[in-house]
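Chemist: Here the sequence shown stands for residues 182 to 312, numbered as in the working numbering.
Simulated from the structure, these hints should not be mistaken for lab results.
Fair warning: there could be bad hints in the mix.
Straight line, CA to CA, 25 Å or less: simulated DMTMM-like cross-link-like pairs of lysine to aspartate or glutamate [unchecked claim]: (1) K263 / D290; (2) K263 / D275; (3) K263 / D216; (4) K263 / D236; (5) K263 / D250; (6) K263 / D224; (7) K263 / D225.
Okay, the calculated beta carbon distance ranges per label pair [what the hints assert, rightly or not]: (8) R274 / F300: 49 to 57 Å; (9) N306 / D275: 37 to 45 Å; (10) S252 / G291: 19 to 27 Å; (11) K263 / G291: 25 to 33 Å; (12) R214 / F304: 40 to 48 Å; (13) E271 / G248: 19 to 27 Å; (14) D290 / V256: 39 to 47 Å; (15) L222 / Q259: 48 to 56 Å.
Small disclaimer: the values here were computed from a predicted structure and weren't measured.
Beta carbons are placed, not taken as given, at the ideal position from N, Cα and C, and that holds for glycine.
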Amino acid sequence: MGSFTPLLLRRIGIRLPVYPLKGYSVTLNVAGRNDAPQGSLTDDARRIVFTRLGDRLRAAGTAELAGYDLSLNRVRSQAILKGVQAVFPEIARDAVPDYWCGLRPASPDGVPVIGPTRFRNLFLNTGHGTL
């Protein structure tokens, strides 16, 4: 249910302090390349995480408060691609970027909501945000 958890629970009278946090990613094909990382890397200065997914390299970052809007913000997408170009210029030059955005359930204080509700068979585990 992720970011949509509060909308569903509201129907049964549970108010949940969780909101959608929009993040973006750029995925590039790196098949046959030896210059792409094999694991996950974090560039703290650029606030971008790089993850190898088989023959693809995904760069993800940003946190935008945009409600449930899933439209791509070109400026944010391009900023992530520029980060890839700065860290892996050869890869970024040769690959065609695939842009994506999605919603992460976040809580105001960054602490996830985990535990039982007043319904004996309903437990919550949401709001992990950027964890």
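Chemist: Against each hint, give a clear statement of whether it holds in the structure.
Modeler: Structure-based check of each hint:
1. As the CA atoms of K263 and D290 are separated by approximately 30 Å, the hinted pair breaks the 25 Å bound.
2. For the proposed pair K263 and D275, the alpha carbon gap of about 14 Å is at most 25 Å, so the pair holds.
3. Taking the CA atoms of K263 and D216, the gap is near 18 Å; set against the 25 Å cutoff, the hint holds.
4. Between K263 and D236 the alpha-carbon distance is near 20 Å, which keeps this suggested pair within the 25 Å criterion.
5. With a C-alpha separation of about 24 Å, the suggested pair K263 and D250 falls inside the 25 Å cut-off, and the hint holds.
6. With a C-alpha separation of about 13 Å, the suggested pairing of K263 with D224 holds against the 25 Å cut-off.
7. A threshold of 25 Å between alpha carbons decides the hint, and for K263 with D225 the separation of about 15 Å falls inside it, so the pair holds.
8. A C-beta distance of roughly 54 Å is found between R274 and F300, which places it inside the suggested range of 49 to 57 Å.
9. Between N306 and D275 the C-beta distance comes to about 41 Å, which sits within the given range of 37 to 45 Å.
10. About 26 Å separates the C-beta atoms of S252 and G291, a value consistent with the hinted range of 19 to 27 Å.
11. Our hint of 25 to 33 Å for K263 and G291 holds, since their Cβ atoms are close to 27 Å apart.
12. About 44 Å separates the C-beta atoms of R214 and F304, a value consistent with the hinted range of 40 to 48 Å.
13. Remark: the range hint 19 to 27 Å for E271 to G248 is contradicted by a beta-carbon distance near 38 Å.
14. One distance hint, 39 to 47 Å for the beta-carbon pair D290 and V256, is violated here, with the actual separation near 28 Å.
15. Evaluation of the 48 to 56 Å hint for L222 and Q259 yields a failure: the beta carbon distance comes to about 20 Å.
Hints 1, 13, 14 and 15, counting from the list given before, are not met by this structure.
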